[in-house]
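Number of protein chains: 2
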Amino acid sequence: MEHTNYVHGYSNREAMRLLDQAETLDEIIHHDTVFSKGSLVLEAGCGVGAQTKIIAPKNPESNFLSIDLSETSLREARELIQSLHITNVEFRQADIYHLPFTDETFDSVLICFVLEHLQNPKAALRELKRVVKQGGTMMAIEGDHGSTFFFPDSTSAHSAIDCQIQLQKQNGGNSNIGRELYPLFKSIDLASVSVSPRMVYVDASKPRLVEGFIKKTFTAMIEGVGEKAIQQGIIDGATFEQGINDLYRTAEPDGVFSYTFFKAFGIKENATSPGGKE
Amino acid sequence: MEHTNYVHGYSNREAMRLLDQAETLDEIIHHDTVFSKGSLVLEAGCGVGAQTKIIAPKNPESNFLSIDLSETSLREARELIQSLHITNVEFRQADIYHLPFTDETFDSVLICFVLEHLQNPKAALRELKRVVKQGGTMMAIEGDHGSTFFFPDSTSAHSAIDCQIQLQKQNGGNSNIGRELYPLFKSIDLASVSVSPRMVYVDASKPRLVEGFIKKTFTAMIEGVGEKAIQQGIIDGATFEQGINDLYRTAEPDGVFSYTFFKAFGIKENATSPGGKE
Chain V
1 MEHTNYVHGY SNREAMRLLD QAETLDEIIH HDTVFSKGSL VLEAGCGVGA
51 QTKIIAPKNP ESNFLSIDLS ETSLREAREL IQSLHITNVE FRQADIYHLP
101 FTDETFDSVL ICFVLEHLQN PKAALRELKR VVKQGGTMMA IEGDHGSTFF
151 FPDSTSAHSA IDCQIQLQKQ NGGNSNIGRE LYPLFKSIDL ASVSVSPRMV
201 YVDASKPRLV EGFIKKTFTA MIEGVGEKAI QQGIIDGATF EQGINDLYRT
251 AEPDGVFSYT FFKAFGIKEN ATSPGGKE
Chain W
279 MEHTNYVHGY SNREAMRLLD QAETLDEIIH HDTVFSKGSL VLEAGCGVGA
329 QTKIIAPKNP ESNFLSIDLS ETSLREAREL IQSLHITNVE FRQADIYHLP
379 FTDETFDSVL ICFVLEHLQN PKAALRELKR VVKQGGTMMA IEGDHGSTFF
429 FPDSTSAHSA IDCQIQLQKQ NGGNSNIGRE LYPLFKSIDL ASVSVSPRMV
479 YVDASKPRLV EGFIKKTFTA MIEGVGEKAI QQGIIDGATF EQGINDLYRT
529 AEPDGVFSYT FFKAFGIKEN ATSPGGKE
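Chains as they are written, first to last, in this note's numbering: chain V, 1 to 278; chain W, 279 to 556.
Everything labelled a hint here was simulated from the structure, so no lab data went into it.
No residue lacks a Cβ here, since even glycine has one placed at the ideal position from N, Cα and C.
Among these hints, one or two may not hold up.
Said to hold, decoys possible - If you anchor each label on the Cβ, the simulated ranges turn out as follows: (1) W:Glu519 to V:Leu167: 27 to 35 Å; (2) V:Glu241 to W:Asp467: 30 to 38 Å; (3) W:Leu445 to V:Glu79: 51 to 59 Å; (4) W:Asp381 to V:Pro152: 50 to 58 Å; (5) V:Ala238 to W:Leu445: 54 to 62 Å; (6) W:Gly316 to V:Ala238: 58 to 66 Å; (7) W:Gln371 to V:Asn245: 44 to 52 Å; (8) W:Leu445 to V:Glu71: 52 to 60 Å; (9) V:Lys122 to W:Lys494: 29 to 37 Å; (10) V:Gly135 to W:Lys336: 40 to 48 Å; (11) V:Glu79 to W:Val312: 47 to 55 Å.
To be verified - Taking lysine-lysine pairs in the DSS-like style, the calculated list, with each CA pair at most 27 Å apart, reads: (12) V:Lys206 to W:Lys464; (13) V:Lys186 to W:Lys493; (14) W:Lys400 to V:Lys129; (15) W:Lys447 to W:Lys484; (16) V:Lys206 to W:Lys407; (17) W:Lys484 to V:Lys186; (18) V:Lys215 to W:Lys464; (19) V:Lys206 to V:Lys169; (20) V:Lys186 to W:Lys494.
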């Protein structure tokens with residue numbers, strides 16, 4: 001640390017502050033999740049509000065309508081948002097495939113970590129596009145488990161990660177959907193489609209991500225599917241345990257871990273008038 | 279394209295120019311390969327000068343000494359650099375493990391796409407560190423074949439890529455060395471070690487990279503090892519052919535391809551005086 005500070009000429013405290021900003025997953029994913037002033041934004045599949053609580057305060061002059069299929073999740077999300085005194089979010093139970101909104105209701109639609117769970121992500125995106133105004137924007141954020149690599153490499157660790165991928169597949173989902181966002185957005189005829197990968201590259205120079213991402217986010221998530229995967233015979237107990245150990249091993253001072261999220265952006269434009277949004 | 283131009287307000291020509299800059303591999307890898315004015319830089323393992331011809335003109339006020347083990351490669355490199363009228367490069371035959379230079383000769387050392395071929399990359403880096411001045415910098419750039427992923431996904435394509443990895447391993451090399459640059463630089467006690475991944479993410483919105491990277495660089499390279507891999511029984515001909523077809527398939531309008539290079543930076547500092555370089 002002291003060397004980095006020396007080179008860039010920052011005080012230790014300032015360097016730590018900058019580090020804090022760049023080193024959180026929220027910052028990597030959401031630093032550019034910004035909407036025009038006065039926008040009405042549909043957040044599709046808000047779950048318990050994990051993204052809502054980041055996005056809504058980041059856009060205080062926009063209003064959010066956050067929907068989810070599960071009333072239980074919505075109850076948790078409401079409590080969370082209230083406890084944080086966030087006032088620009090309303091919640092509503094709704095099915096993403098059959099939205100209870102008339103055409104062209106929203107300025108923007110945002111969908112985070114939801115498409116990976118859907119059997120028909122294209123149909124969901126098409127329905128979301130229906131409720132976006134002409135000239136309005138669509139944004140999607142998804143992970144991609146197949147993008148994971150690390151040092152030291154480990155076949156057992158890859159097998160453990162594959163358990164999550166297999167179980168997701170059984171449920172009709174797709175853990176590797178991040179890389180598909182470009183073709184998905186193009187397939188529903190959005191304009192100005194652009195996809196930017198958000199690689200979370202972690203080595204020991206980034207202690208917050210070592211702790212917060214390698215250990216507490218990714219490996220904990222994989223660890224969570226172990227019981228089910230072993231029960232279903234997707235993997236044996238010893239290999240799974242070894243895989244989890246090897247994932248934690250990448251969090252050691254000489255380890256490296258990399259995972260890539262994808263963020264897609266597109267505009268709903270009238271096919272006959274490309275400049276129609278103004 | 280016209281939509282992108284519209285949104286960002288650029289003329290078509292200006293947009294294409296910006297695209298040209300951002301879309302070349304050289305730019306992704308070398309945009310920050312810059313040395314202080316007056317630096318004497320050792321380029322270790324210049325080969326036929328493929329990187330030399332980019333780096334030297336980029337740093338007209340630095341002088342380069344580019345070495346390689348192979349006289350044949352050096353002859354090609356000399357011709358290339360002369361033909362381009364680049365005047366700040368000298369060439370010399372030398373062994374990276376036993377450099378014919380006294381300690382602390384160079385302000386900086388640069389090594390690109392060489393460590394992947396070495397049986398003992400750490401020993402080479404240690405020898406390179408020896409000839410760097412106190413306070414001088416070391417820079418390494420390497421690829422990582424294990425970082426490759428694409429859409430549509432294909433087991434055959436991964437098997438074809440694995441042929442290159444296996445053949446490299448037989449030669450004592452490591453095609454997945456990119457991810458190891460951080461521990462390698464730390465292991466030779468460099469200060470201020472920082473590694474930045476350079477993901478080359480390609481979809482149809484980046485036509486130059488589709489052509490220049492997916493087809494002409496990556497897939498052509500994998501295609502090149504086919505004969506040897508089939509001959510050695512690493513893969514059967516049909517699977518290899520399918521794999522190559524599937525890699526070209528990712529260059530279609532709905533395809534996606536991703537590969538990550540790594541760039542490492544470190545400073546040689548006296549252990550007893552961290553600020554000693556001034």
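Now the hints, each set against the structure:
1. W:Glu519 to V:Leu167: 27 to 35 Å: Taking Cβ atoms as reference, W:Glu519 and V:Leu167 lie about 33 Å apart, which means the hint holds.
2. V:Glu241 to W:Asp467: 30 to 38 Å: This hint holds: roughly 35 Å between Cβ atoms.
3. W:Leu445 to V:Glu79: 51 to 59 Å: 58 Å, holds
4. W:Asp381 to V:Pro152: 50 to 58 Å: Violated - the Cβ-Cβ distance for W:Asp381 and V:Pro152, about 33 Å, lies outside 50 to 58 Å.
5. V:Ala238 to W:Leu445: 54 to 62 Å: Violated: the Cβ-Cβ distance is about 32 Å, outside 54 to 62 Å.
6. W:Gly316 to V:Ala238: 58 to 66 Å: Because 59 Å falls inside the window, the suggested range holds.
7. W:Gln371 to V:Asn245: 44 to 52 Å: 47 Å, holds
8. W:Leu445 to V:Glu71: 52 to 60 Å: Between W:Leu445 and V:Glu71, where Cβ atoms are some 57 Å apart, the hint holds.
9. V:Lys122 to W:Lys494: 29 to 37 Å: Between V:Lys122 and W:Lys494, where Cβ atoms are some 32 Å apart, the hint holds.
10. V:Gly135 to W:Lys336: 40 to 48 Å: Distance hint for V:Gly135, W:Lys336 holds at roughly 42 Å.
11. V:Glu79 to W:Val312: 47 to 55 Å: 52 Å, holds
12. V:Lys206 to W:Lys464: Satisfied, since the Cα-Cα distance of roughly 14 Å is no more than 27 Å.
13. V:Lys186 to W:Lys493: Roughly 22 Å separates the two Cα atoms, so the pair holds.
14. W:Lys400 to V:Lys129: 53 Å, violated
15. W:Lys447 to W:Lys484: 33 Å, violated
16. V:Lys206 to W:Lys407: 24 Å, holds
17. W:Lys484 to V:Lys186: 14 Å, holds
18. V:Lys215 to W:Lys464: Satisfied, since the Cα-Cα distance of roughly 22 Å is no more than 27 Å.
19. V:Lys206 to V:Lys169: Outside the cut-off at roughly 33 Å; violated.
20. V:Lys186 to W:Lys494: 25 Å, holds
This entry does not satisfy hints 4, 5, 14, 15 and 19, going by the numbered hints stated previously.
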